[in-house]
Amino acid sequence: MNSREIILKILIDINTNGAYSNISINKHLEKNKKIENENFIREVVYGVLENKKYIDYIISQVSSIRIEKIQSLTLEILRMGVYQVIFMDRIPDRAAVNETVNLSKKYGHKGIVGFVNGVLRNISKNKEKLMIVKNKDKLTYLSIKYSYPKWMIENWIKEYGYEFTEKLCKGNNSR
Numbered sequence: 702m703n704s705r706e707i708i709l710k711i712l713i714d715i716n717t718n719g720a721y722s723n724i725s726i727n728k729h730l731e732k733n734k735k736i737e738n739e740n741f742i743r744e745v746v747y748g749v750l751e752n753k754k755y756i757d758y759i760i761s762q763v764s765s766i767r768i769e770k771i772q773s774l775t776l777e778i779l780r781m782g783v784y785q786v787i788f789m790d791r792i793p794d795r796a797a798v799n800e801t802v803n804l805s806k807k808y809g810h811k812g813i814v815g816f817v818n819g820v821l822r823n824i825s826k827n828k829e830k831l832m833i834v835k836n837k838d839k840l841t842y843l844s845i846k847y848s849y850p851k852w853m854i855e856n857w858i859k860e861y862g863y864e865f866t867e868k869l870c871k872g873n874n875s876r
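First residue of the sequence shown? That's 702 in this note's numbering, and the numbers climb one at a time after it.
Since the hints were made in silico from the structure, they are not lab data.
Given the structure is predicted, the values throughout are model-derived calculations rather than measurements.
A portion of the hints provided could be inaccurate.
Each computed DMTMM-like pair below joins lysine to aspartate or glutamate, with the alpha-carbon atoms no more than 20 Å apart [stated by the list, open to error]:
(1) K839 with E867
(2) K830 with D790
(3) K871 with E751
(4) K732 with D714
(5) K753 with D714
(6) K871 with D757
(7) K835 with E855
(8) K830 with D794
(9) K753 with E867
(10) K728 with E739
(11) K835 with E800
(12) K868 with E855
(13) K837 with D794
(14) K826 with D794
(15) K868 with D838
(16) K754 with E744
(17) K735 with E706
(18) K754 with D838
(19) K835 with D757
(20) K710 with E731
(21) K710 with E739
(22) K770 with D790
(23) K851 with E867
(24) K828 with E739
(25) K839 with E864
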């Protein structure tokens, strides 16, 4: 099993089965002791979890299917690919797209493969434009851009002001 398959299994375990991220990661890494890319696995899993709202926003801009209607397995595959394309500079976009499409071939049918390929290629080509959150409401903007629940952003803005809240979100999301 390669590292991207392990990432997929971990994300499904967390988002579908309600597992805790650290326990799920350790469980899957323990099963696959020969895996060499442990840091890559952890970075993608935590990166997808920490940026899920933002990643889903980006997917929703290019997908012909609404996020809620995308099958959970396909959505996790897409999230992995989008995270690699948007956030990981050391992985070329074409490699991230290719590896993600290969994963969808293994776990999906022909239609899913074409869908994943189309969405990821579109995101890769238009990444700069798609990364801009187009929302005039400051609360919604921060919630999407930094993947925090609106209620939390709202409380922080009331308590600390908008500028500090934006700095706090940016700081919390830095590596």
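Structure-based check of each hint:
Our distance criterion of 20 Å between C-alpha atoms is met by K839 and E867, whose separation comes to about 10 Å. About 17 Å separates the Cα atoms of K830 and D790, which keeps this hinted pair within 20 Å; it holds. At most 20 Å may separate the alpha-carbon atoms for a hinted pair to count; K871 and E751 meet this at roughly 12 Å. Distance hint between K732 and D714 is fulfilled; the C-alpha atoms sit about 14 Å from each other, no more than 20 Å.
A C-alpha spacing of about 15 Å is found between K753 and D714, which places the hinted pair at or below 20 Å, so the restraint holds. In summary, the hint linking K871 to D757 is supported, as the alpha carbons are separated by about 18 Å, within the 20 Å threshold. In summary, the hint linking K835 to E855 is supported, as the alpha carbons are separated by about 19 Å, within the 20 Å threshold. Distance check on the hinted pair: K830 and D794 sit about 16 Å apart at the alpha-carbon level, within 20 Å; holds.
A C-alpha spacing of about 18 Å is found between K753 and E867, which places the hinted pair at or below 20 Å, so the restraint holds. A hinted pair counts as satisfied when its Cα atoms are at most 20 Å apart, and K728 with E739 qualifies at roughly 12 Å. A C-alpha spacing of about 30 Å is found between K835 and E800, which places the hinted pair above 20 Å, so the restraint is violated. Annotation: proposed proximity of K868 to E855 holds, straight-line Cα distance about 14 Å (limit 20 Å).
Restraint check for K837 and D794: the C-alpha separation of about 30 Å exceeds 20 Å, so the hint is violated. Distance check on the hinted pair: K826 and D794 sit about 9 Å apart at the alpha-carbon level, within 20 Å; holds. Under the criterion of a C-alpha separation no larger than 20 Å, the hint pairing K868 with D838 is consistent with the structure, at around 17 Å. Straight-line distance between C-alpha atoms of K754 and E744 comes to about 17 Å, which keeps the hinted pair within the 20 Å bound.
Using a Cα cut-off of 20 Å, the hinted pair K735 and E706 holds, with the two alpha carbons roughly 14 Å apart. A distance of roughly 16 Å separates the Cα atoms of K754 and D838; the hinted pair therefore holds under the 20 Å criterion. For the hint pairing K835 with D757, the CA-to-CA distance comes to about 14 Å; that is within 20 Å, so the pair holds. Proximity of K710 to E731 is assessed by CA-CA distance (about 13 Å); at most 20 Å being required, the pair is judged to hold.
A C-alpha spacing of about 14 Å is found between K710 and E739, which places the hinted pair at or below 20 Å, so the restraint holds. The straight-line distance between the Cα atoms of K770 and D790 is roughly 30 Å, outside the 20 Å bound, and the hint therefore fails. Note on K851 and E867: the hinted pairing holds, with a Cα-Cα distance of about 13 Å set against a maximum of 20 Å. At roughly 27 Å between alpha-carbon atoms, K828 and E739 are farther apart than 20 Å, so this suggested pair is violated.
Between K839 and E864 the alpha-carbon distance is near 11 Å, which keeps this suggested pair within the 20 Å criterion.
When held up to the earlier numbered hints, the structure conflicts with 11, 13, 22, 24 and fits the remainder.
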